[in-house]
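K.L.:
Need the complex rebuilt from these two chains, each delivered in its own frame; the hints are there to steer you.
First to last, the protein sequences are chains A and B.
Counted from 1, the first sequence has number 84 at position 84 by the numbering used here; the numbering is strictly sequential.
Counted from 1, the second sequence has number 104 at position 104 by the numbering used here; the numbering is strictly sequential.
Keep in mind that the hints were calculated from the coordinates and are not lab data.
Treat the hints with caution; some may be incorrect.
No farther apart than 35 Å at their CA atoms in a straight line, the calculated lysine-lysine pairs in the DSBU-like style are these [what the hints assert, rightly or not]:
{"#": "1", "chain 1": "B", "residue 1": "Lys-151", "chain 2": "A", "residue 2": "Lys-25"}
{"#": "2", "chain 1": "A", "residue 1": "Lys-25", "chain 2": "B", "residue 2": "Lys-196"}
{"#": "3", "chain 1": "B", "residue 1": "Lys-196", "chain 2": "B", "residue 2": "Lys-151"}
{"#": "4", "chain 1": "B", "residue 1": "Lys-244", "chain 2": "B", "residue 2": "Lys-151"}
{"#": "5", "chain 1": "B", "residue 1": "Lys-250", "chain 2": "A", "residue 2": "Lys-25"}
{"#": "6", "chain 1": "B", "residue 1": "Lys-244", "chain 2": "A", "residue 2": "Lys-25"}
{"#": "7", "chain 1": "B", "residue 1": "Lys-250", "chain 2": "B", "residue 2": "Lys-196"}
{"#": "8", "chain 1": "B", "residue 1": "Lys-151", "chain 2": "B", "residue 2": "Lys-250"}
{"#": "9", "chain 1": "B", "residue 1": "Lys-244", "chain 2": "B", "residue 2": "Lys-277"}
The lines below spell out each chain.
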Amino acid sequence: MTDADGGAAVGGKVDDKSVEVFLGKLLRWGVLLAALVVFVGGMWFLVESYAVEQNYRTFRGEPAELRGVPQIVHQAMALDPLGLIQFGLLLLIATPVARVLFSVLGFALEHDWMYVVLTLLVLALLVYTLTSGSGI
Amino acid sequence: MNTLEFTLVVALGSFLAGMLGSLTGLGGGVVIVPLLTLVFGVDIRYAIGASLVSVIATSSGAAAAYLREGYSNMRVGMFLEIATTVGAVCGAFLAGYLHTSIIAIVFGVVLLYSAYASTHTLADPPADMAPDRIATILRLDGSYPTSDGLKSYHVRRVPLGFGLMYVAGVLSGLLGIGSGAVKVLAMDQAMKIPFKVSTTTSNFMIGVTAAASAGIYLRRGYIDPGLAMPVMLGVLAGALVGAKILPGAKVRTLRIVFGVVIAALAIEMIFQGVRGKL
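So here's chain B without its partners, still in its complex pose (with noise of 0.2 Å):
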């Protein structure tokens, strides 16, 4: 393939991608790193400096439709961003050094579990539950609107949700993606934070661990502009489209449909990282 056809198939995928992610809330980064590797064939190290820099693309682009609707909880934002930034560079570190086999198996590994993930809505948490030591002094507690006035909230188990933010940070500096899945684990799972407070937190934090990633990345000399040119522009396009014909979408129809189209090329990731191919 000469230069023009290949940034045009890169850019319609990357389009589709972005659509995909936006729709499903699921974010285009995870599959963009397999769309490239797999089925493109580029080296897996200019896939994930692409990939970051599209992830970062998405979080910015959205973040005006995020902060509109007041929820995020900027103190837990912070706090935990520290764990997340250290674990990017920690991340990117080791990507240097790691088999790019290895990457591809871990790559599969966490899209298989964002995968399951997108499947399982979780419920949020009883609201009435005592304070916690660590979180007070760290003025975590918040609240946020609901069709009954404000409802505050008590964040729960702030070492535990430290800790696997640390892990999502590794992972996306090693992987080039957001680490939504896991994000929401560590807020919504260990420390009981409302399911709206944690998506649009978590929004910020990805544009913010992705930063710290490309910054590694671009001065690695991962991030090609050719590649990377694309990538981004597709899936910016895909993810405004996206959210323009949200409202009408099937949205349960096309979770489960994306979750598959994860599932197989993870599948396919850890396959093909085992066989040394990728």
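Chain A with its partners taken away, still in its complex shape (with noise of 0.2 Å):
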């Protein structure tokens, strides 16, 4: 997986390096990418709302249809701006899952069945932090 690993359990030699650099590349684009969207959604939230009393003293929550994935998507699609800034957030926090994502194939590739048990439940875990129902 990475040139650290001195060669310790790498079968086939894929090369680590350039698929290191190729996942550090795609994680910017993707970073770059929810920040583009995150700053459309910001502008156009401005221009409908830049003269309301801004009030984040009081803590109230934020209602349900920005809350859960399936919502967010729904209203960024409707091009609410809030929606469109909420499913940037979900893109970016979309980022570190894809990277983990990328290392299931790395170590499955090295044939390192155990690192690929150990990251598909990292996975798990972060995909259930996403969908649980209550928010745990």
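P.N.:
Quick look at the structure:
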């Protein structure tokens, strides 16, 4: 998976370094895409409600349509400015999840099944936090 | 303040935090929560939600630079990630039940430790140590490139490192920070992993841990789009600019200045927490 592993368990010599560099670029593009979506939603939000008095001193919690993954996607599709921002944030949260997913594939290519299982465990936990009913 | 003014000042503050965080290597996340709560009067739960988002942005945004160096140890990272994600879930769970004053006080104490740790650079462990049984079973040992070729290292005290990583995860989920200082403590001090390997591996882990907490905060309704927007964009832009000007910067002086700022914010957080104002 990495150069740092010293080839301990590397079977077929996949070019680890280039995979990592590719992954790094993918993550950066993911972050930039997320930032772009947040920026577009943010500008739209400001145009619509720039003069509204803000109040973050009292905690109210977000409405249901800005909490769950399907609801956020729905709001973003409906071109709601806040929904768009939240969708961009969702893309951002997905970038480390994507990296863990790629690590599963990387360990599988090395036939390192112990680490495939360990990584799947981390991935399952991440998916659970995003999808569990009550927000735990 | 109306929404436009508020968005602009928060974006500017986040930009400065992101720039200082990237220049000093401490991450901008540690100052976002005190900045939002103490300066802008934001409820600490919203502040933590927005901070988590910015932590993910800096971690994933910096991954390309870190990965190119090729020092990170993915097995160490993934094995310890089990401890940090479970910890993050527990921390985020706790955050829903603890009084905000207690969260503020814990935050201040962790900030103080980060300020202290930032002024102490740790020496690399000696290279010729005997292999550790658990580390061998888990295939955690590795090597990294130095000026005199590949240097191999043995990972030590795996259970202690794993336990400390759980604590790092709890703090991350409870406080919305990357817990970089605790992660480096676990890897450098407890597990005797060389500094260059532990910092790059820690960058990867910070993003995954924060994603676990962010998922819960999002589902709970703690992540407000109107607040997270300027924080995320500001910190990200600041981190990018910081990385650009890093080669010519007086990093040592900056670390001391940033350390003092963090310590001052920490004491204020504890003070306000004790008074029950946060």
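K.L.:
Hint by hint, say whether it matches the structure.
P.N.:
Hints, one by one, checked against the model:
The suggested pairing of Lys-151 of chain B with Lys-25 of chain A holds, with an alpha-carbon distance near 27 Å, which does not exceed 35 Å. The suggested pairing of Lys-25 of chain A with Lys-196 of chain B holds, with an alpha-carbon distance near 21 Å, which does not exceed 35 Å. Among the hinted pairs, Lys-196 of chain B with Lys-151 of chain B is consistent with the structure: their alpha-carbon atoms are about 12 Å apart, no more than 35 Å. Distance restraint check for Lys-244 of chain B and Lys-151 of chain B: the Cα-Cα separation of roughly 30 Å lies within the 35 Å cut-off, and the hinted pair is therefore satisfied.
A threshold of 35 Å between alpha carbons decides the hint, and for Lys-250 of chain B with Lys-25 of chain A the separation of about 29 Å falls inside it, so the pair holds. Simply put, Lys-244 of chain B and Lys-25 of chain A have alpha-carbon atoms about 17 Å apart, close enough for the 35 Å limit, and the pair holds. With a CA separation close to 20 Å, the supplied pair Lys-250 of chain B and Lys-196 of chain B stays within the 35 Å bound. With a CA separation close to 30 Å, the supplied pair Lys-151 of chain B and Lys-250 of chain B stays within the 35 Å bound.
Distance hint between Lys-244 of chain B and Lys-277 of chain B is unfulfilled; the C-alpha atoms sit about 39 Å from each other, more than 35 Å.
Checked against the numbered hints given earlier, the structure breaks only hint 9 and satisfies all the rest.
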